[in-house]
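In order, the protein sequence lines correspond to chains A and B.
Heads up: the first sequence begins at 1 in this note's numbering, then just goes up one per residue.
Heads up: the second sequence begins at 1001 in this note's numbering, then just goes up one per residue.
If you are wondering where the hints come from, they were derived from the structure by calculation, not from laboratory data.
Quantities reported herein were computed from a predicted structural model and do not represent experimental measurements.
Mixed in with the good hints, there may be bad ones.
Claimed, not checked - Only some residues are given here: those of chain B computed to face chain A with a beta carbon under 8 Å:
hint	residue
1	E1051
2	D1055
3	D1093
4	K1117
5	Y1119
Glycine included, each C-beta is placed from N, C-alpha and C at the ideal position.
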Amino acid sequence: MSAQNDKLLIDIGSTYFKVSTPESIEQHFRDFNKQILDDLMHKCGDTVKRFDAQDIHICSSANGGLSTLIIGTTQSYSLKYATNIAFNAGINIIDSIVFQDIEDYSIPSDLIDVVIIVGGIDSNGGQFDQRLMNYLSKLQYSNVVYVGNAPDAALVKAAVDKLVVLPNIIDDRLHIVETHLKDYLTNLYQQDIEGKEDIKHLYEITSNQIYPTPYVVNKSLPLMHDFFSVTDPFILLDIGGATTDVHYSKDLVSDNIVTEQGHDRIVFKKLGVFKSRQSLIFTAENNEFAYELLMHLKVTENIYNEHSEKATRILMQLAIFLVLCKMSHYRPAYVTLKLLAMNSIVFTGGITKVLNTEDIEDVVAFFYRKILNSDHKPVTVLDTHYDIWTIGAKEHAKCQ
Amino acid sequence: MAGWIQGAWNMKVVTGVIGNDIHVVANRLMDLSLTARGYEVFNLGVNTYLEEFFDAAVETGAEILLISSLNGEAEGWAREVKMLKAKYKSLDDLIMMIGGNLTVGSGNAEAIVPRYKNYGFDLVCHQVDLNTGLDMLEDYLKAHPPRSQETSGA
């Protein structure tokens, strides 16, 4: 019988899994020939058996998360708000479509986990018409949710099977209303995790809900200052095997979104050093500064074909550079951060086991010099003991 | 005027200060005055980009877009109004108004007003006091009632 406050925290990633007890934390490379549960019990069976099912808390990002396509009426409001909510719920965005031009967009061939339809304040109906139904009829999706203006809900519901209608995410003052859509997406993500054959077996050892890892990490952000020497505003980079998660202080964006939380999240789905290695290399090959960075690191492009410790280190350094590029004006993605105002840059995940502070600072300095023409130097903080995840998981376990 | 003040037309106005301009007091006065005259006001505040104005008009179904500017920065942005507005398929009937100090340094209304009208604004108020400007808007609306008001029988 475990003591009341003793919890076993487990994080299943696409490449590694981590197990944290009150005394220690261990990390293991996954054996992809085994079921996750078998692999976990083989490597950490003794530890797991010490805890009761109600004291074991598991989170996972191993399935890469859900995919969504958002159909909205404008970039600055409906699409932006839905994108923000989806990212913060741990969902990956495949595409966003401005409704007025919906006929010009191609139909994604992949199965979309959830389609989000949004647009207009409640006193402004008539935003959607038959073109929406025509587009949806050609699209392959598992779930569809409507969070737009109230008057159009009945029209869309009558024409779209299994449509879930939730309250509008835009209120009558054009402000964002997060709760309903965020809860819906988080629940959907959990159901997806539960439904994954591999993950399903983990319920044999826990009686608690399995949550998405980004959702758990998000819980730790307000507590960062208690554990690290971090100065606001900061970004937290979690470069994983398959994806890269960035959590950032909202002070780093000029935004018209007013929410209570101080941080937002963005995910780069195909930027990782193991499962997404090829995609990372492809991105690097299309970045004219990446070649210069390789020269700076005293290697050539042949490193892409190597599978060595050195190659992994270089790829991780490249990943840092590419993520910073994607967050800057140089290669604008969903958000452009004011990186010259950033005071701290925190790294967590497997990267902290491979690179040291010097390796990271070298790349960050290269980025600032080459892309932003600046000698700005944010303080680098390494979360080498996975404290961020542990704090988040503990906070989350407290709430359960 | 009384019927107007009671909000008989109940029209929606999107307003805000364009560009890198933080004259928030004028913006607040604009909001209060429009509300007092019976408009439903969507105030985007200061530092607002042109796309955000048009996007807000789409989301709210506003009949009027009232842009203000005090540091003269409007001119740089206003040049893009026609091109940007043309990308929106539902804003053909949007009444476009701009007011405040519309040039850097000195300038006279005779030169500035036609220039801004050429940029795509229906009403231009350069260094005109707030109430006079809003009276001009009401006169314009009486002469050119928006289609939404005609169909609602107002």
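Evaluated hints:
Residue-level restraint check for E1051 of chain B holds (minimum Cβ-Cβ distance to chain A is 6 Å; threshold 8 Å). Interface restraint check for D1055 of chain B: the shortest CB-CB distance to chain A comes to about 4 Å, inside 8 Å, so the restraint holds. Because the smallest distance between the Cβ of D1093 of chain B and any Cβ of chain A comes to about 14 Å, over 8 Å, the interface hint for this residue is violated. A least Cβ separation of about 26 Å between K1117 of chain B and chain A goes past the 8 Å threshold, and the interface hint is therefore violated.
Nearest Cβ of chain A to the Cβ of Y1119 of chain B: about 21 Å, over the 8 Å cut. The hint is violated.
Checked against the numbered hints above, the structure breaks hints 3, 4, 5 and satisfies the rest.
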